[in-house]
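A.B. asks: The primary structure of each chain is shown beneath.
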Amino acid sequence: MTRTVILIACGLIAGPILGGLFSGMDRILTARMQSRIGPPLLQPFYDVAKLLFKESLVVNVWQVFCAYCYIAASSIALVLFFLQSDLLLILFVQAVGAVMLVVGALSSTSPYSHIGAHRELLQILSYEPLLVLVVVGFYLETGSFKLTSIYAWREPLLLKLPFLFIVLGYVLTIKLRKSPFDLSTCHHAHQEIVKGLLTDYSGPFLALTEIAHWFEIVLLLGFCTLFWATNWFGMAILIVATYFLEVLVDNTTSRMNWRWMLSYVWGVGLTLSLVNLIWLRQG
Amino acid sequence: MQAIKRFINRMRSKSPWLLHFDCGSCNGCDIEILACLTPIYDVERFGIINVGNPFHADVLLTSGTVNHRNKKVLANLYAQMPSPKLVVAIGACGLSGGIFREAYNVVGGIDKVLPVDVYVPGCPPKPEAIIDGVVLGLQKLQSLHEQLSVGKGA
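As given, the protein sequences belong to chains D and H, one line each in that order.
Be aware that the first sequence starts at 1, since it is given in my numbering, and climbs by one per residue.
Be aware that the second sequence starts at 1, since it is given in my numbering, and climbs by one per residue.
It cannot be assumed that every hint is accurate.
[Unchecked claim] Some but not every residue of chain H turned toward chain D, in silico, with C-beta under 8 Å:
no., residue
1, GLN2
2, ASN53
3, HIS56
4, GLY122
5, LYS126
6, GLU128
[Claimed, not checked] To spell it out: a stretch of chain H is covered by chain D in this simulated footprint if at least three of its residues, at any positions, have a beta carbon under 8 Å from a beta carbon of chain D; those stretches are:
no., stretch
7, 66-79
8, 101-108
9, 132-143
[As the list claims (entries may be wrong)] Partner residues aside, some chain H positions facing chain D, computed with beta carbon under 10 Å:
no., residue
10, CYS26
11, ASN27
12, GLY28
13, PRO54
14, LYS85
15, LYS112
FYI, nobody ran anything at the bench for these hints, they're computed from the structure.
Ideal placement from N, C-alpha and C gives every residue a C-beta, glycine not left out.
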């Protein structure tokens, strides 16, 4: 019982802290790649603290409800991950949060918000099947959807599921809102679509969506650790390497349109996952 | 309680998000404002981000003269920013109307429509001067808050 409480607390605390640190690191790395100095490491925390204490200007009540639902769903998903729960359950709780953010954006009348919401729906459509296929891969190899049995598996899963790890990389790029898939909103989309999905979220509610996004970052990096669950060192290297690669891809590619995203991600992603799944069944 | 207020004020001064509105400027000042974002000046070092959305902004940077057409837009943008907020007028035109001040369509400087906190003179001002203006404005914002909180406490 106490173990459960401690794990829940760990999830709730580790989410924002690790997520914020990762996005701070992200901003510094991005700046260095553009030969700038970049903000301090704790800049995301300064931003969120400032936003939390700003005046709340609400476009309509639905948006507030949706912002709270988004942060609730993403924090519950991370807590379930820390509790070593069922992978499918975590996936679907996370999906509820992602959809609530879109519903909030659609509830306003701003055209930018609507464009962002439509693009975000297409992004969800692109990555959600792939994420399920990654989980199916875990099931085929370990015989269980439970995280406890995946973490207890005796050898690193990366050796058996290399293609599915690449597929998870695609999902991560979309989910972290990185180029070339940062269609709906991203850190750089201030001018052309005015932050798209987040246009009408402001003040404390923008801060809530940011914190919820941190929870999602940590959850997805948690998914990465499943591929090398045998020791801590492997997990850490895998996370750092993956995140560095994400920032590199973000800075070396440009934003594409949703048609390209859907055909490319489904084409490459579904092929790679099917090859890996068939290989697992045969091998 | 006082410590929390001081903390919030510090956070505010560490992450000022700018909204830039060209209120009929000749683009001279606008180019200098955007130059602040280049790797040479890199204002992101101070947590400054150039946002395109008044809902997300803390500081309104305006350049150029106000005329009868765009004064409503200017007032509207200011109204859409959640407080605490700050207005920085940039360049000779933004300060007083500049060489256009006697034109028939011109209302005058930004302060004819909005309460301006910081005036940055120049035609156009250097990027260094613009960054200085924003920093000055943030100090003013902090001291205003301290005065207000002292007033409420007494």
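A.B. asks: Check each numbered hint from earlier against the structure, then list the numbers of those it violates in ascending order.
C.D. replies: 1, 4, 5, 6, 7, 8, 9, 10, 11, 12, 15
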